[in-house]
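Which chain is which? The protein sequence lines are A and B, in order. For the first sequence, the residue numbers in our numbering are 1 to 347. For the second sequence, the residue numbers in our numbering are 1 to 274.
In short, the hints are calculated from the structure, not lab data. Even glycine gets a Cβ: it sits at the ideal position worked out from N, Cα and C. Don't take every hint at face value.
As the list claims (entries may be wrong) - Covered stretches of chain A, going by a simulated chain B footprint (3 or more residues, C-beta under 8 Å):
#1 10-17
#2 196-210
#3 215-223
Claimed, not checked - Here are some, though not all, of the chain A residues that point toward chain B, as calculated from beta-carbon distances under 8 Å:
#4 Asn92
#5 Pro96
#6 Arg121
#7 Gly187
#8 Ile227
Stated by the list, open to error - Cross-link-like lysine to aspartate or glutamate pairs, in silico, DMTMM-like; alpha carbons within 25 Å at most:
#9 B/Lys23 to B/Glu206
#10 B/Lys6 to B/Asp27
#11 B/Lys60 to A/Asp205
#12 A/Lys123 to A/Glu14
#13 B/Lys114 to A/Asp207
#14 B/Lys267 to B/Glu254
#15 B/Lys114 to A/Glu14
#16 B/Lys60 to A/Glu14
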Amino acid sequence: MRIATANETYLADEALLSTRTQWAWMGILALVLIAAPFVLNNYWLYLACLVAINVASATGLNILTGYTGLVSLGQGAFMAVGAYTVAWLEANVGTPFFVNLVAGGALAALVGVFVGIPSLRVKGLYLAIATIGASIILQFFFVNWSSVTGGSRGINVAPATFFGTQLTTYFQLYWLFVPIAALMVLGAANLFRTRVGRAFIAIRDRDISAEVLGIPLLRYKLLSFAISSFYAGVAGGMWAYFFRSVSPESFTIVESIFYLAAVIVGGMGSILGGVIGAAFMTLVPEILRFGVEIASPYVSNAATLLSPIRTVAFGGLIIAFLVLEPQGLAEIVQRIRRFFHLWPFKK
Amino acid sequence: MRAPMKPASLEVAGLSLSFGGLKAINDVSFSVEPGSITALIGPNGAGKTSMFNCISGFYKPQRGAIRFDGEDVSRTHPPERARMGFARTFQNIALFRGMTVLDNIKLGRHAHMKTNIFQALAYFGTAAREEMELRAEVERDIIDFLEINHIRHMPVASLSYGLQKRVELARALAMRPRILLLDEPVAGMNREETEDMARFILDVKEEWGTTILMVEHDMGMVMDISDHVVVLNFGQVIASGLPHEVQENPQVVEAYLGSGDPAALMKRLAEEAA
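All chains, please: the whole structure from these sequences, using the hints.
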């Protein structure tokens, strides 16, 4: 139950975490994230790293699609730009991984700005198709610009080095990826406490009146594309260090659809939604596989019988959440919060 | 205290706007004195909202000038005009439904803020400082002033129509207006809400000294609070002057009520048929 918030400063009133309960939850989450690598086996650490990468990318797409209302199916291609940049820099320049990641993000942002130009004229499905078109063009470059991208065979990526140590195990990469993803999520949350984030939401809700209120539409739409693809580029760079090779098959249109689905399932226009959505989309197939393993002693021939069901169940879960929770998984969290605010006075 | 914004004068000179063959505004001229309330009235389809859209930069008029403190702004884009001090509300409320009341109001200040993207991502430092200054100012000068303290953290979609209109006024005030354009501020309101809004508009004039131009259908309110009234009909100015002068003008009465003279009506119909 929460009676009221008594903040004494505006800074406290506008803090990201305003109640003690929220601080407690965040503390628990931080502890879990710190303890996890010491508890989890290698396989689950692999998944944790993948979740961190996907959270970074989905949060970026959420800024563009969830908050600015510009539907994009180009997130996979922007990730590829980041991944190739990192791979190329590792192979040819040998700059530190941090510089490479930022460079990957920056180049992806630049590409994103160009891809975003049609957004001044088209929106909704039309923009989605335009971004697919841009992805196809980028894919063409990845395949045919062999001197840089290694053509259809791709390029191998040297491991990231941190003060002379090569980061090769999932345990080491976890300590790199999770803080980066956390910082990126924090940045996105901050964005929506300032004029830039408000401008994005205004463009989503009513673009024409946003202009009369002093928001230059083109500049802010392109800015949203730039930030979103920067996030994708950094995520793609992490991806390159994670899988240690990049090829045109790494990032297909399916990847882009995956991130859009993550944002929609998690909750468009909610930072928490992007995080939960990415975790959900990455982990649920694995959890279902776990279920198959548990069932296998009791069902004869479980692997062949239950594996297809696993895929169907994953698809079914996505549909179920879309139908039952159109605001996304983040809305469930909000509903639980509201319940406990009023508890025990309202059932 | 609030930094007073110098009220601006507005002059519309020989403005014409047509959509294809339809002349929405035909050679309209009028002026708005600094610090006054000017009402733009006229029957439906007279061109009032088109006029507003020209002034705020939505539409590009084909001919004529819009002078803001003597400077022609008719070629500038809406965001530039917002920066100069044009602030408007909309006939069909144009609040951003995904934001709280407070965020909607803060959004109004956008053009006058400086936080860039990198500062926004980091938040602490410049962005936080600017946000806190804005918050303090909005709380002190706007939220208290318009008596919307109790709803500041609510999403706008959950508010009643009258309150939404008030939040729109609040957002316009956050734009540091030098001229406030109100498009039907009391349309669809009950008497009590109308009186509240009329009082707020008068308070804005008295305490902020802002120049106000409004389009309104509620004649009682127009006559009560305006300093000057301009009447449009079929895209042309048919009368302008003090409220009571306009009220007694036979052309205005005819535009609103018809002439009441069957012979005149028959004559006009015959003319139109010819």
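Comparing the hints with the structure gives:
no.	hint	verdict
1	10-17	holds (count 4)
2	196-210	holds (count 12)
3	215-223	holds (count 3)
4	Asn92	28 Å, violated
5	Pro96	21 Å, violated
6	Arg121	17 Å, violated
7	Gly187	4 Å, holds
8	Ile227	7 Å, holds
9	B/Lys23 to B/Glu206	37 Å, violated
10	B/Lys6 to B/Asp27	29 Å, violated
11	B/Lys60 to A/Asp205	24 Å, holds
12	A/Lys123 to A/Glu14	32 Å, violated
13	B/Lys114 to A/Asp207	21 Å, holds
14	B/Lys267 to B/Glu254	14 Å, holds
15	B/Lys114 to A/Glu14	19 Å, holds
16	B/Lys60 to A/Glu14	40 Å, violated
Hint compliance for this structure: hints 4, 5, 6, 9, 10, 12, 16 are not met, and every other hint is.
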